[in-house]
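Peer 1: Chain by chain, the residues:
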Amino acid sequence: MIKIEHLSKHFGKVKAVDDISFEVKEHENLILLGTSGCGKTTTLKMINRLIEPTHGKIFIDDKNFFEQSPEILRRGIGYVLQNNGLFPHYTVAENITIVPQLLKWDKKRTEKRVAELLEKLHLSTDYLNVYPNELSGGQQQRIGLARALVADPAVLLMDEPFGALDNVTRSKIHAEFLALDELKRKTIIMVTHDVQEAFELGDRICLMDKGKIVQDDTPTGLLFNPKNDFVRGFLKEQRLQLEFKAVKLYDVWKWLPPQPPKGGAFDLSTDISFWTSLEQFKFNRSDDINIYHKDNKEVRSASFEQLMSAFYQFKKHQSHE
Amino acid sequence: MNEQRQTLWEFMQQQSDKLVEQTIQHIGLTFISLFIAVLIGLPLGIFITRKKQFSGAILGIAGVLQTIPSIALLGFMIPVLGIGAKPAIAALLLYALLPIIRNTYTGIEGVDAAVKEAAVAMGMNKWQVLFKVELPLAMPVIFAGIRTATVITVGVATLASYIAAGGLGEFIFGGISLNNTNMILAGAIPAALLAILFDFLLSRLQKLNIKKLKTATATLPLLLILLSSFYFLPSAYGSKLKAGFTPEFMGRQDGNLGLQSKYGLKIRTLVINDAVMYKAAYEKQLDVISGYSTDGRLKAYNLVVLDDNKHIFPPYYAAPVIRENSLKKFAGLEKILNLLAGKINDSTMTALNYKTDYLHQSPEKVAKDFLVSVNLWKPARNGNAGVVRIGSKIFGEQYILANMYSMLIKGNSDYDVVTKTGLGGTKICFDALTDDAIDFYPEYTGTGLLAILQPSSKVIDSLTGNKDATYNYVQSGFQKKYNIKWLKPIGFNNAYALMMREKQAKDLKIKTISDLKRYLESK
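For the record, the sequence lines run as chains A and B.
Position one of the first sequence corresponds to residue 0 (numbering that gives the first Met the number 0), numbered consecutively onward.
Position one of the second sequence corresponds to residue 0 (numbering that gives the first Met the number 0), numbered consecutively onward.
Hint data in this document are derived by calculation from the structure and do not stem from the laboratory.
Certain hints may be false.
[To be verified] Simulated restraints, written as ranges between beta carbons of each label pair:
id, chain 1, residue 1, chain 2, residue 2, range
1, B, Ile224, A, Arg184, 22 to 30 Å
2, B, Asp198, A, Lys14, 37 to 45 Å
3, B, Phe53, A, Ser35, 29 to 37 Å
4, A, Thr53, B, Ile195, 37 to 45 Å
5, B, Phe53, A, Ala163, 34 to 42 Å
6, A, Thr168, B, Arg203, 49 to 57 Å
[Unchecked claim] Sample of chain A residues at the chain B side, in silico, Cβ under 7 Å:
id, residue
7, Phe21
8, Asn82
9, Ile97
10, Pro99
[What the hints assert, rightly or not] These stretches of chain B come out as covered by chain A in the derived footprint (C-beta under 8 Å, 3 or more residues):
id, stretch
11, 9 to 18
12, 119 to 125
Backbone N, C-alpha and C define an ideal beta-carbon position, used for all residues, glycine too.
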């Protein structure tokens, strides 16, 4: 879907991005993770040509994208900024419909699409005629997301989209983000410095440092097969929580005892994180949960202790590999 | 004198036509300049946000323009753009430029970078970013700049009357020349009110919320154009010739008022500062001007004086005025001073003034050359029988006369001479004479009558235009009141006069003011 080849950006003598290559598959959610100044934002901005690369090639759907005019290109790529970048002189409705206006959609089509989006994002239509400064930070960020999604672009670029939000609002939006069907159909590249966020939202993570990609891997790959000490050091803090978030029930399935489902227990599917399954015990106060395997349709029940034991066996197995 | 005692309100009522006209001109002048300044300043301000390397230079130049004194800036404009509205508008717009450019630049620079980035990232091209994002968000700051520019322009526009562009400055500077407080206030108060009013209206505009601002932004250019057109209303009427009069001449009975009442002269008139008036006539910007009949510039610019055939300009014949005591003290002095009597006519005096003012010869040389040419010059005897003190006012003609008298006294008597030249105005010179600081100085009959004796208007009317009657009246008046004697007149009359370019006057066969009136009324 998106292919980056030998991309570099030099500012004078400083190599902000130094010869990086990676690919993003369709409907994949790729996270560019790193500290400030590692080149992750520069990389993102080169993908919609807000910054012109010094060297390198970018392909979207196998088309060399330097052949199109940047304006046309950008209208087909959604972009969400940390500080939302909403136009303070436009109402919410006007803000959301900027791209449809640029694409000269007719009024009916625009209105229909806006109504549909607002419903998906749990936003009331009452907001349409207010100005952004009258909304809370979380609402502003949702409007920013709506604005990026309105023309249904195949690609979505997000530059620290939740960085300005408080923790409570952020975890709420993370949950919505994961649940939103609209986003499951997108190819997303998201920049963040927040390791937790990267592990919660990313299918794959490119950990960057000093303009280079240190490791391009799945969350579990980064955790259990770190390429070097930098990666290990980067993930050291809150490691246990990261592991819980990165590991899916699918990963620990084979260490669960094959017990049939028990009545009254809660059903979970294998594609949720281990962390979420632990939360179920707390929220539902039951002793067991039923886990449904998506591929072979088998259901197993497990207690808290059985789950934890499966997790440690998985971990042990990983580090031996 | 009666005019001085009327109230400001009466004055404004009496002059309401003029007041309205000047106010309209003032508004027009302000807004044409402002409109053009916005047309230039806004794009320039936008340009320097795009090409930052020019921002220092452009803001610097606009800043320097701002520091040039307004009168000097108007002066610079005359050689390039002549007189009237063009140079005034050019000067005003230069003043208005800085706040507009600077606020446009600051306003656009101040737009949140994230908002600009979002606009670009969504696929707006650079014009869409400018018109949909940057300009609307910078508008409050840009409005503040226009507001500052408006107040500056309303103020500086009063100076436009110096170069015949009209406006409320006509009353202000006319009032200063004529020492008429009501007239000054009649110009100054409306000017101040205009500044306050426009500032208030623009401040309201600035405070409007974002939605209404969109409409306001659309209506502002229309409003500017509408107000600009005001300037052209009064100049819609015209006549074949254009006159330029000084503010003082405009308000005097023995000036424009007399021209209207005694001759019935109707001519399109501009008010102009006398420093630029002669040159403007020479450059055909003006056809008829009010000047002084012996001014050297008459000769320099080939102008002719129109005959005042109805005698509205009082005679200003020059003659030495001397203390009776001095005449007793210096025997034979009267005879020596009278040697010059009747020797210099208007054109001779004009030629002499021309030599000092334009050929930059020293007054001594001009005085000696003249005396030699009429066989009056004798070498100085270097006697020591006493010292005669000669005074003079502070302009070229008086310097020449003082030098002539000095040479005559030294050559024809054993007296020595000191000259005290440069005694500011009539009052300073005359006070020096009555205080026995000088013995004599050359004075003009008209000045003696109107500035020193100041008789009732009835007496002035009875004397009007009569050279001998005026001379006799001041002669006896000075004798009685101050014990000062008028000697015989030198011969020339340095009075107010209307003048035209020699060639044009000849072509149109205009020799007198009545001829001028006849020509203006003919079709």
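Peer 1: Decide, hint by hint, whether the structure agrees.
Peer 2: Hint check:
In this structure the supplied range 22 to 30 Å is violated for Ile224/B paired with Arg184/A, their Cβ-Cβ distance being about 53 Å. In this structure the hint that Asp198/B and Lys14/A lie 37 to 45 Å apart at CB is violated, the actual value being about 54 Å. Between Phe53/B and Ser35/A the CB atoms are about 33 Å apart, so this pair conforms to the stated range of 29 to 37 Å. Distance hint for Thr53/A and Ile195/B: a CB-CB separation of about 57 Å, inconsistent with the stated range 37 to 45 Å.
One distance hint, 34 to 42 Å for the beta-carbon pair Phe53/B and Ala163/A, holds here, with the actual separation near 36 Å. At about 39 Å, the CB distance of Thr168/A to Arg203/B disagrees with the hint of 49 to 57 Å. Hint on Phe21/A is violated. Least Cβ distance to chain B is approximately 21 Å, over the 7 Å limit. Interface hint at Asn82/A: satisfied, since its Cβ lies 4 Å from the closest Cβ of chain B, which is below the 7 Å cut-off.
Against a cut-off of 7 Å between C-beta atoms, the interface hint on Ile97/A holds, since the closest Cβ of chain B lies about 5 Å away. Checking Pro99/A against chain B: minimum C-beta separation of about 10 Å lies over 7 Å; hint violated. With a cut-off of 8 Å between beta carbons, the stretch 9 to 18 of chain B has 0 residues touching chain A; three or more are needed, and the interface restraint is violated. Given as covered by chain A, the stretch 119 to 125 of chain B passes the check, having 6 residues with a CB less than 8 Å from a CB of that chain where 3 are the minimum.
Going down the numbered hints, you'll see the structure goes against 1, 2, 4, 6, 7, 10, 11, while the others check out.
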